[in-house]
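As a plain string of letters, each chain reads:
2 protein chains.
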Amino acid sequence: MDKQYKKVLSFGEDLGEAQQNILIIGGGLCGSLLALRLGQRGYRVSVYEMRPDIRKVNMDSGRSINLALSDRGNKAIKLVGIEDKIKALCVPMTGRMLHDRDGNTTFSAYSGREHEYINSISRADFNALLVNEAEKHKNVSFYFNRKCLSVDFEKTTALFKDYDSNTEFVEDADVIIATDGAGSALRKSYFLGRKFLFSYSQDYLTHGYKELHIPPAENGGYKTNKNALHIWGRDHFMLIALPNLNGSFTVTLFLSYDEGEYNFNNLTTKDRVIAFFGTYFEDALEMMPNLVDDFFKNPTSPLGTIRCSPWHYKGNTLLMGDAAHAIVPFYGQGMNASLEDIVEFDKALDAHVGHWETVFKRYEALRRKDTDAIADLAIDNFHEMKGHVNNDIFREKRTIEMALEKNFPNEYSSKYSLVTFNEHVGYREAMLRGRAQDKAILNMLADGELDLKNNLKSILEQVQKATEAVLEDDRIAQNMKH
Amino acid sequence: MDKQYKKVLSFGEDLGEAQQNILIIGGGLCGSLLALRLGQRGYRVSVYEMRPDIRKVNMDSGRSINLALSDRGNKAIKLVGIEDKIKALCVPMTGRMLHDRDGNTTFSAYSGREHEYINSISRADFNALLVNEAEKHKNVSFYFNRKCLSVDFEKTTALFKDYDSNTEFVEDADVIIATDGAGSALRKSYFLGRKFLFSYSQDYLTHGYKELHIPPAENGGYKTNKNALHIWGRDHFMLIALPNLNGSFTVTLFLSYDEGEYNFNNLTTKDRVIAFFGTYFEDALEMMPNLVDDFFKNPTSPLGTIRCSPWHYKGNTLLMGDAAHAIVPFYGQGMNASLEDIVEFDKALDAHVGHWETVFKRYEALRRKDTDAIADLAIDNFHEMKGHVNNDIFREKRTIEMALEKNFPNEYSSKYSLVTFNEHVGYREAMLRGRAQDKAILNMLADGELDLKNNLKSILEQVQKATEAVLEDDRIAQNMKH
Numbered sequence: 001m002d003k004q005y006k007k008v009l010s011f012g013e014d015l016g017e018a019q020q021n022i023l024i025i026g027g028g029l030c031g032s033l034l035a036l037r038l039g040q041r042g043y044r045v046s047v048y049e050m051r052p053d054i055r056k057v058n059m060d061s062g063r064s065i066n067l068a069l070s071d072r073g074n075k076a077i078k079l080v081g082i083e084d085k086i087k088a089l090c091v092p093m094t095g096r097m098l099h100d101r102d103g104n105t106t107f108s109a110y111s112g113r114e115h116e117y118i119n120s121i122s123r124a125d126f127n128a129l130l131v132n133e134a135e136k137h138k139n140v141s142f143y144f145n146r147k148c149l150s151v152d153f154e155k156t157t158a159l160f161k162d163y164d165s166n167t168e169f170v171e172d173a174d175v176i177i178a179t180d181g182a183g184s185a186l187r188k189s190y191f192l193g194r195k196f197l198f199s200y201s202q203d204y205l206t207h208g209y210k211e212l213h214i215p216p217a218e219n220g221g222y223k224t225n226k227n228a229l230h231i232w233g234r235d236h237f238m239l240i241a242l243p244n245l246n247g248s249f250t251v252t253l254f255l256s257y258d259e260g261e262y263n264f265n266n267l268t269t270k271d272r273v274i275a276f277f278g279t280y281f282e283d284a285l286e287m288m289p290n291l292v293d294d295f296f297k298n299p300t301s302p303l304g305t306i307r308c309s310p311w312h313y314k315g316n317t318l319l320m321g322d323a324a325h326a327i328v329p330f331y332g333q334g335m336n337a338s339l340e341d342i343v344e345f346d347k348a349l350d351a352h353v354g355h356w357e358t359v360f361k362r363y364e365a366l367r368r369k370d371t372d373a374i375a376d377l378a379i380d381n382f383h384e385m386k387g388h389v390n391n392d393i394f395r396e397k398r399t400i401e402m403a404l405e406k407n408f409p410n411e412y413s414s415k416y417s418l419v420t421f422n423e424h425v426g427y428r429e430a431m432l433r434g435r436a437q438d439k440a441i442l443n444m445l446a447d448g449e450l451d452l453k454n455n456l457k458s459i460l461e462q463v464q465k466a467t468e469a470v471l472e473d474d475r476i477a478q479n480m481k482h
Numbered sequence: 001m002d003k004q005y006k007k008v009l010s011f012g013e014d015l016g017e018a019q020q021n022i023l024i025i026g027g028g029l030c031g032s033l034l035a036l037r038l039g040q041r042g043y044r045v046s047v048y049e050m051r052p053d054i055r056k057v058n059m060d061s062g063r064s065i066n067l068a069l070s071d072r073g074n075k076a077i078k079l080v081g082i083e084d085k086i087k088a089l090c091v092p093m094t095g096r097m098l099h100d101r102d103g104n105t106t107f108s109a110y111s112g113r114e115h116e117y118i119n120s121i122s123r124a125d126f127n128a129l130l131v132n133e134a135e136k137h138k139n140v141s142f143y144f145n146r147k148c149l150s151v152d153f154e155k156t157t158a159l160f161k162d163y164d165s166n167t168e169f170v171e172d173a174d175v176i177i178a179t180d181g182a183g184s185a186l187r188k189s190y191f192l193g194r195k196f197l198f199s200y201s202q203d204y205l206t207h208g209y210k211e212l213h214i215p216p217a218e219n220g221g222y223k224t225n226k227n228a229l230h231i232w233g234r235d236h237f238m239l240i241a242l243p244n245l246n247g248s249f250t251v252t253l254f255l256s257y258d259e260g261e262y263n264f265n266n267l268t269t270k271d272r273v274i275a276f277f278g279t280y281f282e283d284a285l286e287m288m289p290n291l292v293d294d295f296f297k298n299p300t301s302p303l304g305t306i307r308c309s310p311w312h313y314k315g316n317t318l319l320m321g322d323a324a325h326a327i328v329p330f331y332g333q334g335m336n337a338s339l340e341d342i343v344e345f346d347k348a349l350d351a352h353v354g355h356w357e358t359v360f361k362r363y364e365a366l367r368r369k370d371t372d373a374i375a376d377l378a379i380d381n382f383h384e385m386k387g388h389v390n391n392d393i394f395r396e397k398r399t400i401e402m403a404l405e406k407n408f409p410n411e412y413s414s415k416y417s418l419v420t421f422n423e424h425v426g427y428r429e430a431m432l433r434g435r436a437q438d439k440a441i442l443n444m445l446a447d448g449e450l451d452l453k454n455n456l457k458s459i460l461e462q463v464q465k466a467t468e469a470v471l472e473d474d475r476i477a478q479n480m481k482h
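Protein chains in written order, with the numbering used here: chain A, 1 to 482; chain B, 1 to 482.
Next comes chain A alone, as it looks inside the complex (with noise of 0.2 Å):
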């Protein structure tokens, strides 16, 4: 028992909390981490998953099998004490290695600090290690193959379907919280309840996505280089790969359902594929021998964007995770952003212990601001991704911020550092700054207004100087509107 644990089942055994039954619907990354947190503060933890238990089963069903774990996550894995046992798991990315139609690459780190990078993981590793711990918890336990069918959240109950007895039954508790994932049941039980006025929105964008694989070199190494994130950008779509620990790097191809020569829709035939793949992605071609059944094989799963509100129903029932804030995976902030929850709810916790209701608003009044901006950058990154790491000026800006994060480490952070690497900055304000900063930099670009021969502390105090306007100009023009 670490200290940490120690420390938080007395707190709850103090307040007489530690009895109450939790339930969680979802045992996916968000709800056994969850799990495990509220193991450690004493609750009677009961958590409800529809798959069969991941240490169990082969996984291998063409879902994203891979992500991207960065400070944000890993500020959530530091707060329950398992960092090394995840580090374990991890292959550091140090940036973007961008593939163009030649075959030429070009490296982009994602920071101009040396120790800020992000790491592939492994989502089912991940999530049987944190089912793992969670389990260690005698107050916690988990039941597989039960699917959620609907919440009565007046009632506090839940209605489950158990796959292996084919009956359904029904769960009571003091609390249910649901991180079931983009298709929750309790979501969807607001949403048809009409109880209350329930603000909800599904966006899709146009393109799909299709997971791929680059199988190890026959030595058993990597077949391009381990420690990046490949990216194949070509405008209207995209090729991105993942390492993994054993050599073999996870693919996603990101196209339109049915716009341009190829998309989605027509690549009907072995033959149009290998035609699309050898016209765009020729030395991605050449890694992937299997290719062609990969690509019948695995689905086409679309891309959506999911917000509600309010998140809870009195002190009955919370949305967390997914459940509560789906997005799209271009800035690799899905999973730390659900992981994030956690901590969060977890400062509601301790601020209002003993007061469900009080701990649901406070928690959903802080978090929800930042869970839509995350949101909006998502889709934002996914026209960068396409097209922008490519172009001219926004390479120039990629050097200037750089050189100003390497030369100024503690004075400048680029838009993807504050929102990747700077966990103690909110999503909201990291989009504010950040989309500042970008406006501010493009535009001096453009005007011929930054001359890249100045000294380094000139320029920094210039892009300070003409983001802090762009700021004030926006803070005026709002506070006339709100």
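Don't take every hint at face value.
Put simply, identical chains are the same to the list, so a pair is met inside one copy or across any two.
Claimed, not checked - Calculated lysine-lysine pairs in the DSS-like style (CA-CA distance at most 30 Å, straight line):
{"hint": "1", "residue 1": "K314", "residue 2": "K297"}
{"hint": "2", "residue 1": "K270", "residue 2": "K195"}
{"hint": "3", "residue 1": "K314", "residue 2": "K270"}
{"hint": "4", "residue 1": "K406", "residue 2": "K195"}
{"hint": "5", "residue 1": "K188", "residue 2": "K161"}
{"hint": "6", "residue 1": "K188", "residue 2": "K314"}
{"hint": "7", "residue 1": "K270", "residue 2": "K78"}
{"hint": "8", "residue 1": "K87", "residue 2": "K138"}
{"hint": "9", "residue 1": "K297", "residue 2": "K195"}
{"hint": "10", "residue 1": "K87", "residue 2": "K223"}
{"hint": "11", "residue 1": "K347", "residue 2": "K87"}
{"hint": "12", "residue 1": "K56", "residue 2": "K161"}
Note that these hints are calculated values from the structure, not bench results.
Add chain B to chain A, keeping to what the hints say.
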């Protein structure tokens, strides 16, 4: 038979479209105007409306009973050639009459150009006239008390409940167009059908609204200025009043459901309602002898924004008006946007008649960016009307803009004028230019850069230059993003 009608009838016949059956769900303002227009074009049109015939019943239901008709709505009225008949139903409102807490009033014109004003019109009278005009065409039929339950958009059939016979029946058509408002049955069928990726959002404000009433004076005249939209803005809530032809005003209270000292949830007694109005709206209270009865008789309704896409399914079905894009009422544009839909749809029909899928696609491609923009503008205006109409810097901006519009009628239009009186400019363009102008003027005022003692011509040039700079900065930053 007027000239325009003849022209389009023969046009329809020439193209062999005239014998197609079009089913319109919903006979409100949008549906009945659409029926009239399609009737003029020679289609066989059936309109099914869930309410009773508005010409035969008293519609004193607490629902919004008057509306502000302005140039975009009027553009649609002109298209069908009934401008003069509508004019007889209108009470012109040339500006806002602001009422402060002490009962002082300030008049603020909507435009510096005298011929630009908005019109208060009774929903029931307007709707009845449109139904009458549509029914003059023997190829147009209305069926009342028929509620649409769902639409099979693959088969192009709709299921209705007949309230008269209490039976259900299915109607078949070549094309189904749903103009059945914010609760659209077709939109619900799109959402629940899950046959295609349907982006959808419903967003509620924390405020609701309630209709109230100022009766005519004893001599039959108006108790306060007839030719104004009256506003009692109180930062966190507000009251507005629009004149009716008979000397009365329709009053609307916009108030939070559960925040602040007074809110809809806690205004539960006669005494509290009178205390609330006595404290904040004393001069209005004096004009409202039936306040308490009206307050407890009339419903409290939510304020929501609905967006979705796609609006159509193949060439079979289409959403129009509030069914596709319901907005909050604060720009006075909800009805105008729905009527303008008919003009835009008519253009798409001119260009692609005979190919419904192309007509629908083209219509949505051109129209949705504009209805998205007016949705945003309407929410912004809520904050402006509650608070900033009483704010010094806002008044200063308004004064400058009135002077510019008056002296440079062809060179300057405020955001409000662009949205309301420039019906040839799309909502999106009006929003972008109007916001840039606001930002430019407010920042110059805040920085003391606008000397009001300068001659107006130089102020105009300063504003135009600063506006272009704002637009250009945004363009450079946006190009990066998309």
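Right, here's what the structure says about each hint:
1. K314 - K297: Answer is between; shortest inter-copy Cα gap is 29 Å, intra-copy 44 Å.
2. K270 - K195: Cα proximity of K270 and K195: across copies only (27 Å, versus 51 Å in one copy).
3. K314 - K270: For K314 and K270, the Cα distance is within 30 Å only across copies (29 Å; inside one copy 54 Å).
4. K406 - K195: Classified as neither; 54 Å inside a copy, 51 Å across copies.
5. K188 - K161: Both: 16 Å inside a copy, 27 Å across copies.
6. K188 - K314: Intra 17 Å, inter 27 Å, cutoff 30 Å: intra and inter.
7. K270 - K78: neither (47 Å within a copy, 56 Å between copies)
8. K87 - K138: within (25 Å within a copy, 76 Å between copies)
9. K297 - K195: between (42 Å within a copy, 22 Å between copies)
10. K87 - K223: within (23 Å within a copy, 75 Å between copies)
11. K347 - K87: Within one copy, since 25 Å is at most 30 Å while 61 Å is not.
12. K56 - K161: within (20 Å within a copy, 52 Å between copies)
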